[in-house]
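Participant: With chain U's structure known, arrange chain P on it following the hints.
Number of protein chains: 2
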Amino acid sequence: MQKIEVKLAKNYGFCFGVRRAIEIAQSRPNSVVLGELIHNPKEIARLERDFGVGVCEDIEKIDPAKAVIIRTHGIQKNDLSKLKERGADITDATCPFVIKPQEICAKCSREGYEIIIFGDAAHPEIKGVVSYCENSTPLVINSLESLKAAKEQNKIKSKVALISQTTKSAEVFGQIAEFLSGICSEVRVFNTICNATFDNQQSARSLAKEVEIMIIVGGKNSSNTKMLYKISSEFCENCYLIEDENELNVEWFVGKKSCGITAGASTPEWIIEKVLKRIKEF
Amino acid sequence: MQKIEVKLAKNYGFCFGVRRAIEIAQSRPNSVVLGELIHNPKEIARLERDFGVGVCEDIEKIDPAKAVIIRTHGIQKNDLSKLKERGADITDATCPFVIKPQEICAKCSREGYEIIIFGDAAHPEIKGVVSYCENSTPLVINSLESLKAAKEQNKIKSKVALISQTTKSAEVFGQIAEFLSGICSEVRVFNTICNATFDNQQSARSLAKEVEIMIIVGGKNSSNTKMLYKISSEFCENCYLIEDENELNVEWFVGKKSCGITAGASTPEWIIEKVLKRIKEF
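Those sequence lines, one after another, are chains U and P.
Heads up: the first sequence is residues 1374 to 1655, going by the working numbering.
Heads up: the second sequence is residues 1374 to 1655, going by the working numbering.
Same shape as in the complex, but just chain U:
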């Protein structure tokens, strides 16, 4: 095969919160995480294999003898209270950038603002943030269109606080803020999109414009990884989301001269290196 130029995105991979959570997990061998610590199955398997750090999805089934780690995405307020009541040995690996929207949600709902969250209602981070809302139920919307639909149903109040899932698109967040500014008397816009996510998105966008094929490495259940795939797809025709080097297909590279690589915030460097090595072998 002809030689292919491989370029890494300027910013990619591990964010501060993920790096911190992995360090916490490694420092607490044989503990259990309530839910997946980060959205990367390979890294979770490594933590279990090398450090005995397991995953338990059901709070009722957690072994009372084990130390408990709170996942990067945070958990629901009630679950945290339950663990504390039981006297569990808790280490909180919730990303500080996720704690912020939880606190904003609590404070602004107490002050009488309607909470609108730009995010996926089913994502653990958003389930956690929602649980901090007091006296009301936040409106969770996943697009500008669903916000407009809520408006049509008169579901938007005049005093609103807008929060974002940390891994959402900054562009759409701005459009949502713009729309709310036109229909509410006050909108408190809290840009809770994390910088690492934003930087990774920007770098993926500019790299995708330059190359013929883009490889996005990350968990298929990872929001920010999927967002990198979506952004790349807007600018590059041939984008592939893979969890590791074994999913690479040599045929993707036939006749291509340039390949860009980026990775989600929960993708460890060792996986990216294996992907790079495999592409060079082709």
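Among the hints, a few may not be true.
A pair counts as met if it fits within one copy or between any two copies, since identical chains are not told apart.
In the DSSO-like style, the derived pairs of lysine-lysine whose C-alpha atoms are separated by at most 30 Å in a straight line are [said to hold, decoys possible]:
(1) Lys1473 with Lys1383
(2) Lys1450 with Lys1434
(3) Lys1383 with Lys1528
(4) Lys1383 with Lys1524
(5) Lys1530 with Lys1383
(6) Lys1500 with Lys1450
(7) Lys1647 with Lys1629
Honestly, the hints are just simulated from the structure, not real lab data.
Facilitator: What follows is chain P alone, placed relative to chain U:
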């Protein structure tokens, strides 16, 4: 000349605040207004002629024997204090929709937010609002471009409160809110554009799309009138801003089949009626 169809905008002319100010002025004959009560020279001349209500631009030259009316656009905090210290007989005709941004400016600046005002720094309303800012100087910007320039100069802080002049474009205000949402950690967006202004703008826009010529009636020093002219010009090639029927030019109407009419928030009905009558005479 062939027959021309004349259509009035669905919403046009006097807003609540202007109507209220004129009623106040009429109920206080022989008083003096600090600055122009509203931005319409013809109506101001009528109030002077029929009610002896004069205008004084300089607070130091106000006749101490006269009752003082505060203009719809409001005045600066210091000027109000001066009048009160002198024991002047004050009637406040400041539009309630202008008092709101004054209050927001005071409150949010006290709470440590940087105040950004979308408006004309030279307009009396904005001079008034700015004067209510405590401990800091608001950033007054008149366009998205000037906001971007301020950003380049690192003049935007991370916690911002955004206010609008009551008569500004809702569309640009939304774009400004969107831009700030992308660069600040918190933006409190207060949509202080008055509904009447917004309705007049919407109606002018849809009428301008339908007709061959648009007549905008209002003071040439009136912000909201100029905005109606600007919006109409985007959709209709032949737009004319006039203060009264004497400025109408028969040649504008030659060969035209439809004419739209709108008027600023400070344009009294009696002027609009004279304009309509003159067009029918053509």
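Participant: Which of the numbered hints above does this structure break?
Facilitator: none
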